[in-house]
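Enquirer: Those protein sequences? They're chains A and B, same order as listed. Quick note on numbering: this note's numbering labels position 220 of the first sequence as 220, and the sequence is numbered without any gaps. Heads up: take any position in the second sequence, counting from 1, add 1000, and you land on this note's numbering.
Be careful, since some hints might not be right.
Stated by the list, open to error - Derived SDA-like pairs (lysine to any residue); straight-line CA-CA distance at most 20 Å:
(1) B:K1019 / B:V1062
(2) B:K1019 / A:P38
(3) B:K1081 / B:V1041
(4) B:K1019 / A:T11
(5) B:K1019 / A:R153
(6) B:K1019 / A:W37
(7) B:K1019 / A:E36
(8) B:K1019 / A:R9
(9) B:K1019 / B:N1055
(10) B:K1081 / A:T11
(11) B:K1019 / A:R41
(12) B:K1081 / A:G39
(13) B:K1019 / A:P233
(14) B:K1081 / A:Y87
(15) B:K1019 / A:R235
(16) B:K1081 / A:E36
(17) B:K1081 / B:I1016
(18) B:K1081 / B:N1055
(19) B:K1081 / B:Q1002
Derived from the structure by calculation, the hints contain no laboratory data.
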Amino acid sequence: MEGTAVQRRLTWQVATVAATTRETPTVRTIELTVPEWPGHRAGQHLDVRLTAEDGYVAEREYSIASAPGEPVLITVERLDDGEVSPYLTEELRVGDALELRGPVGGYFVWEEADGGPLLLVAGGSGIAPLRAIIRQHQRSGSDTPVRLLYSARTLPDVIYRAELDSYADDIAVSYTLTRARPPGWTGYARRVDAELLAEAAWPAGQQPLAFVCGPTSFVETAAAGLVGLGYRPERVKTERFGGTGGT
Amino acid sequence: MQTLDGNAIAGVLHEIFGKEMTAVTVTCGSCGFTAPVANTVIYPHLPGTVARCRNCAALLMVITRIRGVYCVDLQGIAAMKSPMDT
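Given the sequences, and given the hints that come with them, work out the whole structure.
Expert: Here it is as structure tokens:
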């Protein structure tokens, strides 16, 4: 095998913060200028490495929240007991340097050729890689039908809300708010479970392709629910992350 | 203990194997369950990285780094198959 395929070596490099956007009180999107970015696929992530003055190193993975060809964006939720996220969400400034490597991952990746109507299920900041998929879907002019089911605690906790709502003509977006609802709320108002999926997801007979991203327990419930509805397990792609479970 | 999944170790696996590994399927040496690396159960807060079978919880993979050298134990894996293999 050696020498038969050109593999890109994964190396750490220094990126620069080009812009930051406050998404919610605890979530920030960071735009990065990466000198040697080879391009990415929708759904991939990157590793961030912070080194303290005493040499202590902490590494974290963040989903890339932008489509291929767009500036590299990551969306970070502050975890109160986190080692890395408080710095990224509160301290990091435009012009600062950030060490990263990527893109990495090839499983939780959407390609137009994968077919099927697309079901995206997000729990909290698990929306980030799904937003990359949605943007890629829009940029490529894909005619694959898309449904997004997004679970958040409250409406102000919904990340990218204005952008997601702007896709209303193309993409069926359903929100479920698990903790509090604004007056007159007509969306879902409970945790994602089999019953809710049966209402909001594509029928299994349409051979849908599902991407589920969120905290571990959320993903377990949603993925099991979809398989229970008859989705083929290999067509239910999952990505679990740590975090507060803010779904 | 909160667990993650194999997507979380895409970077370290790429570093070790020199290629994308999360879409590679692994067959558990204990129960025979076959699933992508991305689907394995990852225990992130141990010394090193431990991947277990999502079906039977058997140990699949242990990765430690000692003085800059990775030690990779794959003896829980019966087979690995890349999606590019035909």
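Enquirer: Tell me if the straight-line CA distance from K1081 (chain B) to G39 (chain A) falls inside 20 Å.
Expert: This hinted pair is violated, its Cα atoms lying about 26 Å apart.
Enquirer: For the pair supplied as a hint, K1081 (chain B) and I1016 (chain B), confirm whether the alpha-carbon distance does not exceed 20 Å.
Expert: Given pair K1081 (chain B), I1016 (chain B) holds - Cα atoms ~17 Å apart, limit 20 Å.
Enquirer: Hinted pair, alpha-carbon criterion (20 Å max): K1081 (chain B), T11 (chain A). Please report holds or violated.
Expert: Given pair K1081 (chain B), T11 (chain A) is violated - Cα atoms ~25 Å apart, limit 20 Å.
Enquirer: Please verify whether K1081 (chain B) and Q1002 (chain B) have alpha carbons no more than 20 Å apart.
Expert: The hint is violated at about 28 Å.
Enquirer: Does the alpha-carbon distance linking K1019 (chain B) and V1062 (chain B) stay inside the 20 Å limit?
Expert: holds, 18 Å
Enquirer: Does the alpha-carbon distance linking K1019 (chain B) and P38 (chain A) stay inside the 20 Å limit?
Expert: Since the Cα atoms of K1019 (chain B) and P38 (chain A) sit roughly 14 Å apart, the hinted pair holds (cutoff 20 Å).
Enquirer: Keeping to a limit of 20 Å between CA atoms, is the pair of K1081 (chain B) and E36 (chain A) held or broken?
Expert: violated, 30 Å
Enquirer: Straight-line Cα separation of K1081 (chain B) and Y87 (chain A) no greater than 20 Å?
Expert: violated, 39 Å
Enquirer: Within 20 Å, alpha carbon to alpha carbon, are K1019 (chain B) and R153 (chain A)?
Expert: Given that 20 Å is the threshold and the Cα spacing comes to 38 Å, the pair is violated.
Enquirer: Quickly compare the C-alpha distance for K1019 (chain B) and W37 (chain A) to 20 Å and report which way the hint goes.
Expert: holds, 16 Å
Enquirer: Measure nothing beyond the straight line between the CA atoms of K1019 (chain B) and R235 (chain A); if it is 20 Å or shorter, mark the hint as holding.
Expert: violated, 23 Å
Enquirer: Could you grab the alpha-carbon distance between K1081 (chain B) and V1041 (chain B) and see if it respects the 20 Å cut-off?
Expert: holds, 18 Å
The structure fails hints 5, 9, 10, 12, 13, 14, 15, 16, 19 (numbered hints given earlier, in ascending order).
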